[in-house]
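S.K.: The primary structure of each chain is shown beneath.
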Amino acid sequence: MPKSIATAGGPRTRRGYAVLVAFALLAVFMVLPFGFVLLNALKTSSDYSAHGPLALPKAISFDNVRTFWNLVDFTHVLWNSVLISGCVALCAVVLSVLNAYAIGIGRIKGRLWILVAFLIANLLPQEGLVYPLYYLAKQTNLYDTRLAVIIVFTVIQSAFGTYLLSSVLSAFPRDILEAARIDGAGKLRILWQVVVPVSRPTLAVMLTFFFIWTWNEFLLPLVFLVSNQNQTVPVALGVAQGEHIVDVTMQAASGLLGIIPAVVFFLIFQRTLTRGVTVGAVK
Amino acid sequence: MALEIPDRRRRADRGYPFFLVPAAVLFTAVIAIPFAMNIGISFTRWQGVGPMTWVGLKNYQRLFHDSVFWSAFWHNVGLVVAMAVVPTVLGLIVAAGLFDFIGKRFGSRTASILRACIYLPQVMPLAVMGVVWGWILAPGDGVLNTVLKDVGLGSLSHDWLGDPNTALFTVMAVMVWIQLGFPVVIFMAGLQRVDPVLHEAASIDGASWWRRFWHITIPQIRPETYVVLLMCTIAALKAFAPIYVLTNGGPGTSTDIPSYYSYQNFFVKTQVGYGAAIATVLTVLTLIVTTVFIVVQGRDQDEER
Numbered sequence: 001m002p003k004s005i006a007t008a009g010g011p012r013t014r015r016g017y018a019v020l021v022a023f024a025l026l027a028v029f030m031v032l033p034f035g036f037v038l039l040n041a042l043k044t045s046s047d048y049s050a051h052g053p054l055a056l057p058k059a060i061s062f063d064n065v066r067t068f069w070n071l072v073d074f075t076h077v078l079w080n081s082v083l084i085s086g087c088v089a090l091c092a093v094v095l096s097v098l099n100a101y102a103i104g105i106g107r108i109k110g111r112l113w114i115l116v117a118f119l120i121a122n123l124l125p126q127e128g129l130v131y132p133l134y135y136l137a138k139q140t141n142l143y144d145t146r147l148a149v150i151i152v153f154t155v156i157q158s159a160f161g162t163y164l165l166s167s168v169l170s171a172f173p174r175d176i177l178e179a180a181r182i183d184g185a186g187k188l189r190i191l192w193q194v195v196v197p198v199s200r201p202t203l204a205v206m207l208t209f210f211f212i213w214t215w216n217e218f219l220l221p222l223v224f225l226v227s228n229q230n231q232t233v234p235v236a237l238g239v240a241q242g243e244h245i246v247d248v249t250m251q252a253a254s255g256l257l258g259i260i261p262a263v264v265f266f267l268i269f270q271r272t273l274t275r276g277v278t279v280g281a282v283k
Numbered sequence: 001m002a003l004e005i006p007d008r009r010r011r012a013d014r015g016y017p018f019f020l021v022p023a024a025v026l027f028t029a030v031i032a033i034p035f036a037m038n039i040g041i042s043f044t045r046w047q048g049v050g051p052m053t054w055v056g057l058k059n060y061q062r063l064f065h066d067s068v069f070w071s072a073f074w075h076n077v078g079l080v081v082a083m084a085v086v087p088t089v090l091g092l093i094v095a096a097g098l099f100d101f102i103g104k105r106f107g108s109r110t111a112s113i114l115r116a117c118i119y120l121p122q123v124m125p126l127a128v129m130g131v132v133w134g135w136i137l138a139p140g141d142g143v144l145n146t147v148l149k150d151v152g153l154g155s156l157s158h159d160w161l162g163d164p165n166t167a168l169f170t171v172m173a174v175m176v177w178i179q180l181g182f183p184v185v186i187f188m189a190g191l192q193r194v195d196p197v198l199h200e201a202a203s204i205d206g207a208s209w210w211r212r213f214w215h216i217t218i219p220q221i222r223p224e225t226y227v228v229l230l231m232c233t234i235a236a237l238k239a240f241a242p243i244y245v246l247t248n249g250g251p252g253t254s255t256d257i258p259s260y261y262s263y264q265n266f267f268v269k270t271q272v273g274y275g276a277a278i279a280t281v282l283t284v285l286t287l288i289v290t291t292v293f294i295v296v297q298g299r300d301q302d303e304e305r
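Going down the list, the sequences are from chains E and B. Just so you know, our numbering puts 101 at position 101 of the first sequence, and the rest follows in order with no gaps. Just so you know, our numbering puts 258 at position 258 of the second sequence, and the rest follows in order with no gaps.
Be careful, since some hints might not be right.
[To be verified] If the Cβ cut is set under 10 Å, some of the chain B residues that face chain E in the computed set are:
#, residue
1, 113
2, 119
3, 149
4, 153
5, 156
These are computed hints drawn from the structure, not numbers from a lab. Where is the CB? At the ideal position from N, CA and C, for every residue including glycine.
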């Protein structure tokens, strides 16, 4: 049926190709910076200074990548990011499920105000929390620990998760719940054996989002994780930017190391992600 | 029996608030108490250690007369333009073009590959994008300057982030590039809701693509437009990471924004009380923006009905 719109100007007219070329140029422009990074991260510094950033590498060299890797102990940094983001994603989903169960299915009193409170908690700029959190972390010996970051982001991410999941669960089929209740299942059993399995697709989207959002965070990890052995990928790169890097090819190498994990997630989660963004938007 | 069911249900409903206990404890410790502490600190003069002196509203008075704060505020308005206004407008055109021009003439696969390219910067950590662009925009023989030289525009080569006259605009341009994918993805999803019959009727009546875009597409995806504008505006108020990595607020204060200015006061100048006042103002600003959006959107939807 929509064919008739397509044929309005002919499916593949000259104008059609012109628009296609314009969009292709836009796409190239969006991807080009990544290409530049790749092109130069694998060059030696002398190759860069002799032939500039646009020339192909005379020989593929992993020297700069390796030097930067060792400089910031990237193995460790990568593991910190995986550990922090993974723990946050799991804990935040669990916490969101508990909250949304009470709000969306339990329909407890005052749920609207509780939801508003969660929404505000999600919107608050971290700038308004960072100093007291830093101070409290110092008082409780949690400063410069990954645990502190995990706790804080579990709460922040679950604020959004609660908001999203409550509205999803408020549309949960009531007869399934009633049937489980008549079978004598308690609330906890209904939650783990009925609600969680049925909402698994939504939970998977949330897990993915929390993981990536936490991975990408900067301000709080920057303030909390001062020692290099606790830092996450963005923090280690951001800090290194101002400190040790002297040479341009090594800066490209550091960019490459920051880009690769994100590209990997993008490829793995692309379908969940693009579908998930929609879930978040339409609510 | 008839009496028993409501009774049992009421008893059954009683247990639900217990599920909120972990969240109540955690939210109090991580959000509510720090939030209240930040407001409290903003009424004091404090270096982070040592005695705390109560100064009432002095920090706010100082802020009101602080030209650095005001310039930071206006830079942030610039970032709202770069991260919310421009990407929304461009995003609408790109999404509509991809969805009902490219998608219909060259297949939805082509459209989704193009969409993936445009969305790619959105999945990257902002700090990493800062590192990449800082490197591309490097003065002297940086990538951009070399490209300009190679195409014969060497006279335009410039220290983009180091010159106070161009630094803010350069950061804004980078932010448009980073942010564009978000509206495009949201709008393309929203466009799937639009009834194709509307477009068909309009094109039978001889309406051009632009007219259909203006009179059908835009009004139909207004809910998505509100969400995108709100989320991007809030993101612009919190643009700490790119400023930290790209410019450190400089040169001078030419790209400073309140978010970064509060961080400087907290951790560099150790004027914690003043930093807390800036952070409080930023928080209030965020809440005002959110409320205004929700109210305007609500009124708009009422008119629709």
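S.K.: Double-check residue 113 of chain B for me: the hint is only fine if its C-beta lies closer than 10 Å to a C-beta in chain E.
M.R.: Holds: closest Cβ of chain E sits about 8 Å from residue 113 of chain B, inside 10 Å.
S.K.: Measuring from the C-beta of residue 119 of chain B to each C-beta in chain E, is the shortest one below 10 Å?
M.R.: 7 Å, holds
S.K.: Do the numbers back the hint for residue 156 of chain B, that is, is its least Cβ distance to chain E under 10 Å?
M.R.: 16 Å, violated
S.K.: Can residue 149 of chain B be said to touch chain E, with a Cβ gap under 10 Å?
M.R.: At 9 Å from the nearest chain E Cβ, residue 149 of chain B passes the 10 Å test, so the hint holds.
S.K.: Taking 10 Å as the limit, does the beta-carbon of residue 153 of chain B come near enough to a beta-carbon in chain E?
M.R.: 14 Å, violated
Of the numbered hints listed earlier, those contradicted by the structure are 4, 5.
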